[in-house]
Amino acid sequence: GQNIDQPTEMTATEGAIVQINCTYQTSGFNGLFWYQQHAGEAPTFLSYNVLDGLEEKGRFSSFLSRSKGYSYLLLKELQMKDSASYLCAAGWGGKLIFGQGTELSVKP
Amino acid sequence: GAVVSQHPSWVICKSGTSVKIECRSLDFQATTMFWYRQFPKQSLMLMATSNEGSKATYEQGVEKDKFLINHASLTLSTLTVTSAHPEDSSFYICSARDRASGGAYEQFFGPGTRLTVL
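Sequences listed follow chains A and B, in order. Under this note's numbering, residues 1 to 108 are what the first sequence spells out, in order. Under this note's numbering, residues 1001 to 1118 are what the second sequence spells out, in order.
Hints were generated in silico from the structure; no laboratory data involved. Positions of the beta carbon are idealized from the N, C-alpha and C atoms, including for glycine. Fair warning: there could be bad hints in the mix.
To be verified - Distance condition first, Cα-Cα at most 20 angstroms in a straight line; then the derived PhoX-like pairs of lysine-lysine:
id	chain 1	residue 1	chain 2	residue 2
1	B	Lys1066	B	Lys1055
2	A	Lys81	A	Lys57
3	B	Lys1014	B	Lys1041
4	B	Lys1055	B	Lys1014
5	B	Lys1020	B	Lys1064
6	A	Lys95	B	Lys1064
7	A	Lys81	B	Lys1041
8	B	Lys1066	B	Lys1014
9	A	Lys95	B	Lys1014
What the hints assert, rightly or not - Covered stretches of chain B, going by a simulated chain A footprint (3 or more residues, C-beta under 8 angstroms):
id	stretch
10	1044–1054
11	1105–1117
Claimed, not checked - Reference listing, derived: stretches of chain A covered by chain B, where coverage requires no fewer than 3 residues with Cβ under 8 angstroms from a Cβ of chain B:
id	stretch
12	26–33
13	56–69
14	90–97
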């Protein structure tokens, strides 16, 4: 099976940069997704990496190293509205397998 | 584009009754839809994969006779929680994969259904 690991919670200051790490098992891997989820709402798509390297999209960037089974989501110029849960998900066997999510709290 | 709706958005029912949740892809055809359950402060747990016109594939530990899934068309899948009990109270989320995306893994999520069983 697939085992996704990410920190349970993180705290950062408004305006700062935060990096959320995610590790996964490499066998049968088919791409890495990052989703943002606010409490009581459905996940919204942030990024998708299938090749090694950094994908930048505005304030959010995502990095993938397939050989290391490692990804991170980088959030710059943090805003209060970025307080949410960030879910790492690996494509595997035609499905998405989600990590437990990282609860990010942005403080003034 | 790529909008998925769910109905109802929330439901409260008595223990022992059945509840049906609908998931619709509004502007695309979805050959595959997924049903997830999410308990508070936890991540999404895949319950089953639903393919149009065939039986759903359930994840280990999910009772197929309790969680009935029907994917009768390319835009609609339903999840029926039969004989619901308080421990079934959860946030149920569906997602759909665009038929036109080929082998792409991206899923579009519905807004979720909050089920509370009294």
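Hints and how they fare:
1. For a cut-off of 20 angstroms, the pair hint linking B/Lys1066 to B/Lys1055 stands: about 15 angstroms separates their Cα positions.
2. For the suggested pair A/Lys81 and A/Lys57, the alpha carbons sit about 17 angstroms apart, so the restraint of at most 20 angstroms is met.
3. Restraint check for B/Lys1014 and B/Lys1041: the C-alpha separation of about 24 angstroms exceeds 20 angstroms, so the hint is violated.
4. Proximity of B/Lys1055 to B/Lys1014 is assessed by CA-CA distance (about 28 angstroms); at most 20 angstroms being required, the pair is judged violated.
5. In summary, the hint linking B/Lys1020 to B/Lys1064 is supported, as the alpha carbons are separated by about 14 angstroms, within the 20 angstroms threshold.
6. Taking the CA atoms of A/Lys95 and B/Lys1064, the gap is near 18 angstroms; set against the 20 angstroms cutoff, the hint holds.
7. Restraint check for A/Lys81 and B/Lys1041: satisfied, since their Cα atoms lie roughly 18 angstroms apart, inside the 20 angstroms limit.
8. Among the hinted pairs, B/Lys1066 with B/Lys1014 is consistent with the structure: their alpha-carbon atoms are about 16 angstroms apart, no more than 20 angstroms.
9. At most 20 angstroms may separate the alpha-carbon atoms for a hinted pair to count; A/Lys95 and B/Lys1014 exceed this at roughly 33 angstroms.
10. Coverage of the stretch 1044–1054 of chain B by chain A holds [criterion: at least 3 residues with CB-CB distance below 8 angstroms; count 4].
11. Coverage of the stretch 1105–1117 of chain B by chain A holds. Counting CB-CB distances below 8 angstroms, 9 residues qualify, and the rule asks for three or more.
12. Residue count for the stretch 26–33 of chain A with a Cβ under 8 angstroms from a Cβ of chain B: 3. That meets the three needed, and the coverage hint holds.
13. With 0 residues having a beta carbon nearer than 8 angstroms to a beta carbon of chain B, the stretch 56–69 of chain A misses the requirement of three or more and the stated coverage is violated.
14. Taking a C-beta to C-beta cut-off of 8 angstroms, the stretch 90–97 of chain A contributes 5 residues in contact with chain B, enough for the three needed, and the coverage statement holds.
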